[in-house]
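A.B. asks: Let's have the full structure, built from the sequences with the hints guiding it.
The listed protein sequences correspond, in order, to chains A and B. When the letters of the first sequence are read in order and numbered with our numbering, they come out as residues 221 to 466. When the letters of the second sequence are read in order and numbered with our numbering, they come out as residues 9 to 210.
To be clear, the hints were calculated from the coordinates, so they are not data collected in a lab. Small disclaimer: the values here were computed from a predicted structure and weren't measured. Heads up, the beta-carbon is just placed ideally off N, CA and C, and yes, glycines get one too.
Covered, in the sense of this in silico footprint (three residues per stretch, anywhere, with C-beta under 8 Å from a C-beta of chain A), are these stretches of chain B:
1) 37-45
2) 124-138
3) 178-184
Spelled out from the first residue to the last, the chains are:
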Amino acid sequence: MKRSYFWLAIGSVACLASLAAVALVLNFDVADNRSVPVGKKFVLPELPYAYDALEPYIDKETMKIHHSKHHQAYVGNLNAVLKDHPELSGLSLEYLLTHLEQVPQDIRTVVADNAGGHYNHSFFWQILGPAKFSRLGGSIKQEINKAFGSFEKFKQEFGLTAKKVFGSGWAWLCFDPANKKLVITSTKDQDSPISIGLVPVLGLDVWEHAYYLKYQNRRIDYINSWWHVINWERVQVNYDNAIKAR
Amino acid sequence: MFKLPELPYAYDALEPYIDKETMELHHNKHHQAYVNNLNAALEKHPEFQGMKLDELLLDLSKLPEDIRTAVRNNGGGHKNHSMFWQIMAKSGGGKPDGKLLQEIVSVWGSFEEFKKEFSIAAKKVFGSGWAWLSLDKSGKPVILSTANQDNPISIGQEPIFGLDVWEHAYYLKYQNKRVDYIDAWWHVVNWSYIQELFDKKF
Numbered sequence: 221m222k223r224s225y226f227w228l229a230i231g232s233v234a235c236l237a238s239l240a241a242v243a244l245v246l247n248f249d250v251a252d253n254r255s256v257p258v259g260k261k262f263v264l265p266e267l268p269y270a271y272d273a274l275e276p277y278i279d280k281e282t283m284k285i286h287h288s289k290h291h292q293a294y295v296g297n298l299n300a301v302l303k304d305h306p307e308l309s310g311l312s313l314e315y316l317l318t319h320l321e322q323v324p325q326d327i328r329t330v331v332a333d334n335a336g337g338h339y340n341h342s343f344f345w346q347i348l349g350p351a352k353f354s355r356l357g358g359s360i361k362q363e364i365n366k367a368f369g370s371f372e373k374f375k376q377e378f379g380l381t382a383k384k385v386f387g388s389g390w391a392w393l394c395f396d397p398a399n400k401k402l403v404i405t406s407t408k409d410q411d412s413p414i415s416i417g418l419v420p421v422l423g424l425d426v427w428e429h430a431y432y433l434k435y436q437n438r439r440i441d442y443i444n445s446w447w448h449v450i451n452w453e454r455v456q457v458n459y460d461n462a463i464k465a466r
Numbered sequence: 009m010f011k012l013p014e015l016p017y018a019y020d021a022l023e024p025y026i027d028k029e030t031m032e033l034h035h036n037k038h039h040q041a042y043v044n045n046l047n048a049a050l051e052k053h054p055e056f057q058g059m060k061l062d063e064l065l066l067d068l069s070k071l072p073e074d075i076r077t078a079v080r081n082n083g084g085g086h087k088n089h090s091m092f093w094q095i096m097a098k099s100g101g102g103k104p105d106g107k108l109l110q111e112i113v114s115v116w117g118s119f120e121e122f123k124k125e126f127s128i129a130a131k132k133v134f135g136s137g138w139a140w141l142s143l144d145k146s147g148k149p150v151i152l153s154t155a156n157q158d159n160p161i162s163i164g165q166e167p168i169f170g171l172d173v174w175e176h177a178y179y180l181k182y183q184n185k186r187v188d189y190i191d192a193w194w195h196v197v198n199w200s201y202i203q204e205l206f207d208k209k210f
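C.D. replies: Dropping the structure here:
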């Protein structure tokens, strides 16, 4: 084979492989599409790593209970409440959370709580990853510096927001499409930023179940540890998707 | 200055229903933090420093805006937990009698039915909060739940007793199994204290 064709072939395979990888990474049952097959139930996504992969920062037992009990319960409760409402069948998680007014009043809170829980946790598992692969770079690093002055200032502000959540909730770094900027915000309980028009790029669960076994009341220690296990490549993907016009 | 009250028993007194480590963290760290944060908030407005806890929480709108949330959350946390330690005891469990039992039966038909309804309310709290038996504005016993550290007096009710279902109250021993925690908690409910207070107040 001619040398140039050889390299062309290699290059094409590499391109296709990386596209496939991105598609795989995006496919965690939180469809960007408006709909899912009618009658399809929501499913607990598999973690992209083992339960002990985030040790010593997030302990194995917490990951196991958090995923297989708490997240599973949100999925189960969501399927159970939607079972008697065929008119809502075929709607994606994202559609439900951005059109809650279309959900019958008598089930709206249960749907919001459990769809939010399912969405938020599916998102969370993806932005976490083993510490040895956690490396900040790319345009997201520059965008954070631009938006907050420096990465240290961002870390400080995000940490403060996460610390200040009273009761159960989440801290988020979101892209605000209305103002075209990155913002730090928090939501209570399982409220999702997409329900208020923001696009999450990075998120931190500060419900006590996310950290109590290892950190007890010391939420600050949990927050400090969490910085070590962020999958910045995924965060970059979230940001790149967010800035594309919707 | 508000102070952390001492527990009426040792940290391991409620074993095996509520574990020693949880009691220690819950009292010494969580409740202590509410007390500290409440005092810190009131330092910004010394004119409110002499007030009783119930006075502060009765009408939250009377509090200055810059400390309202902090007092609601931390004052509520201090009041709720101070009550919580008192309504539990090693010798707890069983059921009430006297006037309190009569009131419960008049609304729910039986103590067992009340226990079932209360447990459901406690189970259903989404996120952090409390389940309560309280008297509503007309003096009728009701079961209600509040979010975070909100106390029934802030909505014009009179709390009789409450159950903490924040995850910190049970996670070390029960993890996600809140129902098991609720079932265990009934074994340490100090009915004689609750009744004495009820007879005195109502």
